[in-house]
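Generate coordinates for the entire structure from the input sequences, incorporating the hints supplied.
2 protein chains.
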Amino acid sequence: MPKTAVMKKPAQKVSKSSLSKKLVYFFGGGKADGKESMKNLLGGKGANLAEMAGHPALKLPVPPGFTITTELCAYYWANKRAYPRQLKAEVEKNLRRIEELTGKKFGDPKNPLLVSVRSGARKSMPGMMETILNCGLTEATIPGLIELTKNPRFVYDSYRRLIMMYSDVVMEKGAGIEAEDNNGIRKQLERVMDAMKQKRGAKSDTDLKAGDLKELTVLFKAKIKEVLGKEFPDDHMAQLWGSIGAVFASWMGNKAVQYRKIEKIPAEWGTAVNVQSMVFGNMGDTSATGVAFTRDPGTGENYFYGEFLENAQGEDVVAGIRTPHPVNSQSRNEKSRHLKTMEEMMPACYRELAAIRAKLEKHYRDMLDVEFTVENGRLWMLQCRVGKRNGPAAVRMALDMYREKLATRDEVLHRVTGDQLNELLLPIIDPKAEATTRPLGKGLPAGPGGAVGMVVFNAADAVKWNKEGKKVILVREETNPEDVEGMRAAEAILTARGGMTSHAALVARGWGKCCVVGCDAIELEHGTKAFKIGSETVKEGDWVSLNGSKGTIYKGKMPLVEPGAETKKTLGEFLKLCNQVRALKVWTNADTPADSAQAREYGAEGIGLFRIEHMFYGKGSDAALFQLRKMIMSKTLEERKAALNDLFPYMKNDLKATFKVMEGMHVTVRLMDPPLHEFVPHQKEKLQELGQALGISYEELETRATALRESNPMMGHRGVRLGVTYPEITEMQTRAILEAAAELIKEGVKVYPDIMIPVVSLENEVTDQTAIIHRTYAEVYKKHGVKVNYMVGTMIEIPRACLLAGRLAETMEFFSFGTNDLTQMTFGYSRDDSGYFLKEYIDKKIIPVDPFQTIDQDGVGELIKITVERGRKTRKDLKIGICGEQGGEPVSVEFCHKAGLNYVSCSPFRVPIAILSAAQAQLRFPRKNK
Amino acid sequence: MPKTAVMKKPAQKVSKSSLSKKLVYFFGGGKADGKESMKNLLGGKGANLAEMAGHPALKLPVPPGFTITTELCAYYWANKRAYPRQLKAEVEKNLRRIEELTGKKFGDPKNPLLVSVRSGARKSMPGMMETILNCGLTEATIPGLIELTKNPRFVYDSYRRLIMMYSDVVMEKGAGIEAEDNNGIRKQLERVMDAMKQKRGAKSDTDLKAGDLKELTVLFKAKIKEVLGKEFPDDHMAQLWGSIGAVFASWMGNKAVQYRKIEKIPAEWGTAVNVQSMVFGNMGDTSATGVAFTRDPGTGENYFYGEFLENAQGEDVVAGIRTPHPVNSQSRNEKSRHLKTMEEMMPACYRELAAIRAKLEKHYRDMLDVEFTVENGRLWMLQCRVGKRNGPAAVRMALDMYREKLATRDEVLHRVTGDQLNELLLPIIDPKAEATTRPLGKGLPAGPGGAVGMVVFNAADAVKWNKEGKKVILVREETNPEDVEGMRAAEAILTARGGMTSHAALVARGWGKCCVVGCDAIELEHGTKAFKIGSETVKEGDWVSLNGSKGTIYKGKMPLVEPGAETKKTLGEFLKLCNQVRALKVWTNADTPADSAQAREYGAEGIGLFRIEHMFYGKGSDAALFQLRKMIMSKTLEERKAALNDLFPYMKNDLKATFKVMEGMHVTVRLMDPPLHEFVPHQKEKLQELGQALGISYEELETRATALRESNPMMGHRGVRLGVTYPEITEMQTRAILEAAAELIKEGVKVYPDIMIPVVSLENEVTDQTAIIHRTYAEVYKKHGVKVNYMVGTMIEIPRACLLAGRLAETMEFFSFGTNDLTQMTFGYSRDDSGYFLKEYIDKKIIPVDPFQTIDQDGVGELIKITVERGRKTRKDLKIGICGEQGGEPVSVEFCHKAGLNYVSCSPFRVPIAILSAAQAQLRFPRKNK
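Chains A and B, in that order, give the protein sequences. Residue numbers for the first sequence, in this note's numbering: 1 to 930. Residue numbers for the second sequence, in this note's numbering: 1 to 930.
Calculated directly from the structure, the hints in this document are not laboratory data. Note that the structure is predicted; figures quoted are calculated from it, not measured. Since no wrong hints were added, every one of them can be taken at face value.
Since copy identity is lost for identical chains, a pair holds within one copy or between any two.
Dumping the calculated SDA-like pairs for lysine to any residue here, alpha-carbon to alpha-carbon at most 20 Å:
| hint | residue 1 | residue 2 |
| --- | --- | --- |
| 1 | K635 | K839 |
| 2 | K845 | P727 |
| 3 | K187 | R161 |
| 4 | K746 | K787 |
| 5 | K539 | G527 |
| 6 | K635 | I533 |
Here it is in structure tokens:
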């Protein structure tokens with residue numbers, strides 16, 4: 001027995017009185033009630049059909065039809081699946097108009113009109129909702145259609161398709177019946193058809209003759225009665241209303257609900273229903289059906305690009321049973337290079353289509369994706385919409401269309417998304433291969449691009465295998481600073497725990513390295529060097545592929561596509577356009593000369609965050625790290641000062657290298673931030689070595705290490721609190737920064753170091769530290785005799801600092817929002833621990849988005865606004881930026897622009913995205929102070 | 001060689017132009033330039049001398065003198081220890097006035113005037129600054145004084161005292177010379193004197209004859225020349241100016257600087273200098289000196305209370321060489337009961353003194369502390385000030401003076417501090433014993449009162465020893481919930497780590513139990529059941545005594561004083577006075593019937609925080625805790641629901657017990673707050689037992705326990721986040737609360753349960769939980785058929801909740817500030833980890849006070865104000881309270897009153913303090929909405 005599922009209603013209630021007067025919009029015959037700008041009411045498909053059919057500049061051949069508005073969808077769900085009374089009359093009136101234009105009549109035995117019934121939401125939801133074709137075929141109309149087409153096989157094939165679709169979509173799914181797996185009515189009918197094929201010795205559907213198909217429709221109807229307990233309706237109007245209802249029903253189907261959740265489409269939007277007269281591309285050699293793009297969506301090149309099939313229906317193109325032909329020679333690909341083009345086979349139709357292509361691009365000022373059908377030599381346009389494109393194509397088209405004056409600069413800047421820009425920078429898994437492969441699992445997309453490698457389970461193995469020339473993917477429960485070398489060596493990182501701002505995610509994103517985190521489905525089996533995921537077990541050395549932009553994990557080696565020099569040139573040109581527009585500066589978070597150079601190449605205008613302690617992570621940091629650890633483990637001021645002296649040269653030289661790369665630009669150096677215990681070694685040998693260097697026992701050292709431990713290190717003894725309690729640490733860092741600068745200035749290098757104090761919550765913290773900094777500068781000046789143009793500023797990452805911004809600005813020359821920490825404190829979320837419940841919060845819509853990815857404008861955003869207002873009230877020219885992870889996220893960049901910040905600072909690989917987002921923000925919300 | 005210390009200047013700069021015109025204020029002979037209200041300028045001593053001498057209602061016999069204002073102190077330090085030119089003339093002019101009144105002349109060989117030079121700050125700093133007596137004795141004036149007094153011994157004794165004081169105070173300390181330990185000039189002179197005593201076979205100083213003393217002054221002067229390289233000045237004016245400078249210098253001496261830090265006295269205030277003609281109580285049997293209080297400062301009883309010594313100087317009374325006599329029979333104590341009273345010995349002087357006592361009390365409307373001297377039968381008043389008193393005395397006096405109409409209700413309410421009120425509730429270490437005992441060490445005063453017990457080092461021992469009838473003090477590194485039973489069993493708790501809001505401090509304060517935390521000096525020696533503190537080692541079973549109000553630790557058994565029934569009655573009467581005044585309600589934080597009853601007795605008007613999870617702590621909680629642990633360790637919904645069902649009856653019965661005690665009042669039950677892993681047992685056996693109950697392996701259980709661990713649990717999966725992710729937990733708690741209420745209502749008990757949602761940061765969190773709560777109520781109503789008057793509200797403890805208060809108030813009927821967490825998030829301070837750096841922050845004046853003790857008004861306070869404003873804008877009658885630890889702290893209570901809160905909620909033992917503070921707040925800042 002099939003179970004009846006409870007379908008959820010959309011939250012919004014809709015009464016009759018809230019409906020518009022007009023419920024149905026006609027199109028066809030050079031006229032249309034609607035237009036493209038009415039997408040919200042008519043859905044994308046309906047609006048574009050109206051535009052193509054009715055706009056004076058277009059008047060394209062569109063099979064006549066009508067659209068029932070999206071308002072009816074909400075009404076339908078709010079009113080127990082009923083329609084307002086007037087709908088019936090409106091639908092019938094519009095049917096009459098189709099009949100007039102086509103000369104056919106719906107349900108007419110002689111010259112029957114058949115219609116398609118399709119969904120069409122405000123935003124495209126491909127394949128998520130249902131379609132009924134050939135609606136209107138009944139025992140009564142079949143003979144007439146055979147008479148007209150002289151093609152009984154075509155007619156019975158159309159009929160059996162209608163029965164299959166209708167019983168599945170309307171009678172089963174549309175009625176809320178949840179069939180058991182592989183036992184839905186469609187599957188059952190397919191089995192009936194298979195039996196028939198076996199009986200007849202038919203290899204494929206097309207081997208079945210008209211008579212076979214006719215017999216099949218009888219068997220189908222019996223099966224439907226048996227399984228669903230109802231008759232297949234033999235009435236054309238019943239079919240129409242059944243189909244309309246099923247399309248509305250499919251809006252709340254599982255597939256659609258899931259898809260909307262991912263794409264963040266509100267349930268309240270609803271779908272429209274498009275009822276359109278059928279045209280047939282499968283009426284013989286003078287018929288055909290196809291899809292095309294006005295430009296190549298894979299490369300962006302400016303030529304008409306499309307495929308078609310002779311004597312076929314739309315679904316055949318999609319199903320891939322036959323290899324489609326190219327519409328022209330430019331559209332040829334590997335598989336189709338030997339096939340004839342439409343240009344060759346149907347020159348007149350092709351010319352008409354090519355002319356339509358030009359008209360459409362000129363009209364829409366963008367690249368379009370169209371569907372067309374040729375019925376007995378006559379071309380019909382079935383759909384048109386702005387075409388999807390990949391990153392490289394999007395950028396190329398934007399540049400081309402701007403040059404062609406097809407669109408303005410401001411228009412084309414809106415047409416590229418940050419994610420698309422990102423595709424230009426990274427190797428990606430070949431999208432074609434990806435489209436046909438089922439992933440092993442899914443985590444969070446923490447680092448962009450694609451990667452392929454052999455699985456290893458610890459950092460040491462990653463380094464070792466990498467030295468042996470192997471490509472590896474490092475798989476960890478979660479990572480910590482001691483894994484960094486292994487993370488560098490790996491192609492990508494995959495973790496079972498952690499969120500978008502976990503250690504792995506932060507490090508990987510900073511490097512632009514592919515990374516997937518928090519893949520819960522992974523079960524690491526300790527000691528065995530293997531993990532389980534679903535029913536699969538992946539062992540050390542097995543190949544896996546990651547798509548870090550989507551968070552997907554694949555078994556085996558997937559093909560990768562690399563960006564070329566041409567791509568980079570295109571990117572550069574595109575960013576120049578952005579730079580003409582934007583008001584917000586874009587800086588970068590970089591800690592090494594290599595990252596800094598990379599960011600400069602991408603257009604970064606300064607360093608907004610140089611984490612001074614990051615010199616202690618990663619390759620070649622051993623010696624410096626050892627000195628740092630000595631300093632940390634010191635108990636007396638003398639011990640600590642000695643260790644600081646030993647540390648000084650490492651730090652100075654490290655800073656010099658980056659200052660040099662960033663010549664002429666500001667470099668914001670953040671003083672030591674993390675709690676000291678983060679640097680305490682975990683391995684016993686390292687601890688022993690340290691003990692020897694300090695001349696203290698292992699036990700004593702362990703005691704000191706224990707004393708450093710904290711129950712909530714994020715809110716513990718870190719940041720400026722270290723600087724206040726150990727002023728000598730601030731002094732040494734300042735000396736390293738200013739001496740590095742002074743030495744370079746003497747060499748003629750222009751250096752602008754900005755010193756940034758982290759984790760500030762009190763006015764006196766900054767006055768205390770600023771005094772040390774200025775005092776140290778006086779000494780450096782005495783020693784080197786050159787002036788250093790430095791500024792002193794603070795991170796704003798504690799709610800109290802936001803509230804007290806006015807007082808902080810009395811001493812501070814710049815502010816930089818550390819939105820990771822600020823988000824933590826404002827929400828009381830530990831970014832390391834919130835992964836579990838945040839995921840559920842997002843699923844349950846308790847919170848709209850992950851605030852560690854996109855700035856929470858209501859809470860954190862208000863604090864940012866308060867800070868800007870109070871800070872600038874005290875100091876009019878206060879420089880304000882953001883250096884949290886959100887600094888490279890488009891929505892957050894727009895927020896920063898609106899909040900009046902001077903710059904955003906983000907990972908080198910996010911710089912282009914930030915530049916684009918800043919330009920888009922300025923276009924949407926122009927501000928004066930560029 | 002003595003080192004010359006660098007003395008620090010006060011920060012403030014003082015120039016000549018900022019000085020007042022008048023630098024010196026005269027008093028004496030029934031007149032005075034100053035008065036009591038001029039304390040800031042004249043210091044306390046100077047202002048009161050002026051008041052006594054010059055006020056028309058008093059005109060008491062005060063030896064004439066003058067006061068150099070506190071302004072000169074700041075000037076002195078800001079101007080390289082120089083004075084403005086006009087000072088010399090002013091001082092000399094005022095000296096002439098003294099000479100006129102006394103008939104003596106300063107430096108006159110025949111009838112020499114001697115003066116005392118004393119400090120006197122705005123606020124009393126007893127013993128912290130220096131005094132010079134007998135100033136004006138020189139080779140020239142000595143013969144005349146001998147001639148006048150006929151007492152060469154008296155004169156030479158006065159002279160050697162002057163030399164000793166002057167060389168120490170002026171020539172050594174005043175010159176900034178830091179002598180080595182035990183080698184200061186005073187010590188060296190004492191050794192000279194000892195040698196002389198030995199030579200003469202004298203037992204005490206008084207055995208030395210006039211000739212011996214004369215010889216001694218010669219030896220003293222030689223020693224001074226030898227050690228300090230300077231001559232003792234034989235010029236009366238040089239002595240006077242030297243003395244004045246030394247008093248100003250002593251303001252920046254180490255002792256004074258330390259004292260000011262503790263008492264939070266600003267360095268800028270400075271001290272005044274009082275120069276006053278000497279009167280001598282040591283001129284024979286008709287002379288005497290004494291100190292008295294106008295009422296008993298230990299009990300508050302209304303009689304004149306004082307002590308005196310015949311033929312003695314002031315310093316003899318303080319030094320305790322002879323037992324002082326009582327001034328009257330009421331002043332007799334154990335030691336002095338056999339001694340004659342002043343009333344008996346000097347009836348005329350006593351009558352005069354008693355009359356002065358009455359005059360002074362009437363004039364000052366408060367209890368006073370006076371110093372007096374009788375010189376040759378003539379009474380002189382040397383000092384008067386508002387007298388210090390202990391808690392019981394303060395309360396008694398307040399009530400008495402109000403009844404006597406000596407002071408108004410509003411006046412007396414201001415004269416009792418919260419700490420004094422607290423003394424009425426608790427046994428305390430006998431203050432007399434404490435005054436003479438050196439503590440072993442000092443920690444933070446986390447739980448009030450005094451305690452004496454034997455040291456134990458773990459909770460189990462505490463329980464065991466307690467059962468054996470022993471009084472124990474539990475000493476731990478820090479405590480955790482598993483220690484709670486042991487903490488209950490102990491007289492007091494002492495920890496080496498943790499701050500004022502550490503686990504130990506919170507629990508102890510809640511119980512009103514004596515507790516000292518964060519005593520860094522303690523070194524626990526693991527495995528040995530002993531701790532080191534300084535040079536001492538304290539072993540298991542050793543007796544120690546704690547003063548939890550001061551944070552001091554003593555070796556051995558100190559005597560304790562308990563409050564009696566009389567005290568409680570007095571307290572009740574006093575609180576009634578407070579209740580007449582206050583606008584703010586006072587509720588309590590209580591989790592047990594006993595605590596609730598205690599709080600009600602003290603005047604609590606509701607429960608503002610009933611921590612539902614606290615039923616799992618402490619004695620008798622084993623069975624419930626086991627069920628809770630089962631629930632926590634459940635992995636599936638089914639497992640969890642089963643465990644919740646088992647837990648339900650425990651929770652319901654626990655709630656009923658407290659609801660009953662609080663009949664007729666609101667009880668605010670906070671839903672489960674802490675991260676679940678807090679309840680995971682640490683011991684292997686307990687974990688195994690749990691595994692058996694759940695039917696899973698130990699390894700599996702360990703895995704589950706590990707999965708619950710968090711890196712920053714304070715910001716992890718806790719509070720409402722548990723309720724959202726496990727709705728069944730909220731449902732069970734709600735059911736327990738509402739069924740407990742319903743069952744009691746059926747028995748005729750009036751119950752008002754308020755359900756409070758913790759750790760909220762999002763609007764949707766409260767709507768989600770409120771829906772569960774209302775749904776559950778509908779079910780409870782169905783089952784029991786009685787209406788429960790419940791409210792749903794939220795804690796406000798996350799900064800974001802403050803900003804979004806307007807939206808939260810749409811659903812929430814009340815707010816309660818959790819200022820512990822709010823302070824943590826606003827500052828980014830983990831209360832468990834901030835102890836170390838916060839201490840240093842306070843020492844370095846980076847932050848004025850510990851924000852976990854007193855609400856930070858600038859940061860947290862602004863958030864509170866924002867919340868109140870936005871919350872009430874949405875819901876006008878929104879009930880708002882505070883249930884953080886600061887709810888019982890006077891300054892914070894005043895803030896809450898001003899912010900317009902409806903109530904503060906605090907530990908039962910803080911309730912009286914909160915009531916008093918609320919009354920005081922209303923007097924200072926009257927508001928309408930009582």
